[in-house]
Amino acid sequence: MSPNSFEQWRRDVVAQVEQGLDQCLPSIDHVPTVLHEAMHYATKSPGKRIRSLIVCACADLFGSNIERAIHSAISIELVHTYSLVHDDLPCMDNDDLRRGQPTVHVAFDEATAMLVGDALQPLAFNVLATQPINISHEVRVRQIHLLSEAAGTQGMVGGQAIDLAQIGLKMSQSELELMHSKKTGALFLASAEIGALCGLEYEESYREPLRSCARHIGLGFQVVDDILDASSPTEVLGKSAGKDLRDNKPTYVTSFGLARAKEMAAELEERTEESLMCLPRSGGYLSDIAKLVFNRVS
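Residue numbers (this note's numbering): 2 to 299.
Quick caveat, the hints were computed from the structure, so don't treat them as lab data. Note that the structure is predicted; figures quoted are calculated from it, not measured. Do not take every clue at face value.
Said to hold, decoys possible - Pairs of lysine to aspartate or glutamate, DMTMM-like flavour, derived with a Cα cap of 20 Å:
hint, residue 1, residue 2
1, Lys49, Asp110
2, Lys244, Glu8
3, Lys49, Glu111
4, Lys263, Glu178
5, Lys292, Glu8
6, Lys292, Glu270
7, Lys45, Asp119
8, Lys263, Glu176
9, Lys244, Asp96
10, Lys263, Glu275
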């Protein structure tokens, strides 16, 4: 895949996701207006849309276009955004900067931020259930099941609970990987499988290599995130740099050092490439997304 064709495809996906988010969110002219305004604020803040890209890349890999996968991508984005809004709260990670702008509880207030997350989560499942395209009820139910598992106690929320409980404690590599396979990796896995289910040519024989690839990309995303938190300035990151160290949180860098964390990222990138080779077209756009994840600077 040439860099130019991937970049054009990436821009197309992001543009359609942004448009779709705007269409599915309640109008800020409707009561309760402040809550709706805050939902738009949280969801439309500039992000990489990596998870949305994974959804659409996996749909493309198995013979579908962006339009067939876009509602699935939007649902993933809504769940991801809700998790960020709640994670940023003072009772959680207590962050005041996200994607280069004040977090929702800073721009509005804590109660509104709680309600934003509470509203975005069910909206995500509504979008999946009512997507106006020819996707069977059986596939929709599977997609809803995958997303609900990824967002629950065996996935994202469970990972956050472990993260909060481990502040100030030491964690082994396997313990860190388990935590991040839930907190970060679960939604990457769901993105890949939900996207693949949009594909007209998807076969179950591809499920394991696809999951392996998504698992490595998700874990790699977290390792790189830890590296950047320790080595990049706030103005580049778009969020508070060095916060993990100040908060005494166990990360790949605080636990094993910057050099070893970089080695881990390289190892995960190599494993990702091996998994991609087991997929059609060596992973197609998914291969480009992996490069984006492992080589990002913010």
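Cross-check of the supplied hints:
| no. | hint | verdict |
| --- | --- | --- |
| 1 | Lys49 to Asp110 | violated (25 Å) |
| 2 | Lys244 to Glu8 | violated (32 Å) |
| 3 | Lys49 to Glu111 | violated (25 Å) |
| 4 | Lys263 to Glu178 | holds (15 Å) |
| 5 | Lys292 to Glu8 | holds (12 Å) |
| 6 | Lys292 to Glu270 | holds (8 Å) |
| 7 | Lys45 to Asp119 | holds (17 Å) |
| 8 | Lys263 to Glu176 | holds (18 Å) |
| 9 | Lys244 to Asp96 | holds (9 Å) |
| 10 | Lys263 to Glu275 | holds (19 Å) |
Checked against the numbered hints given earlier, this structure breaks hints 1, 2, 3; the rest are met.
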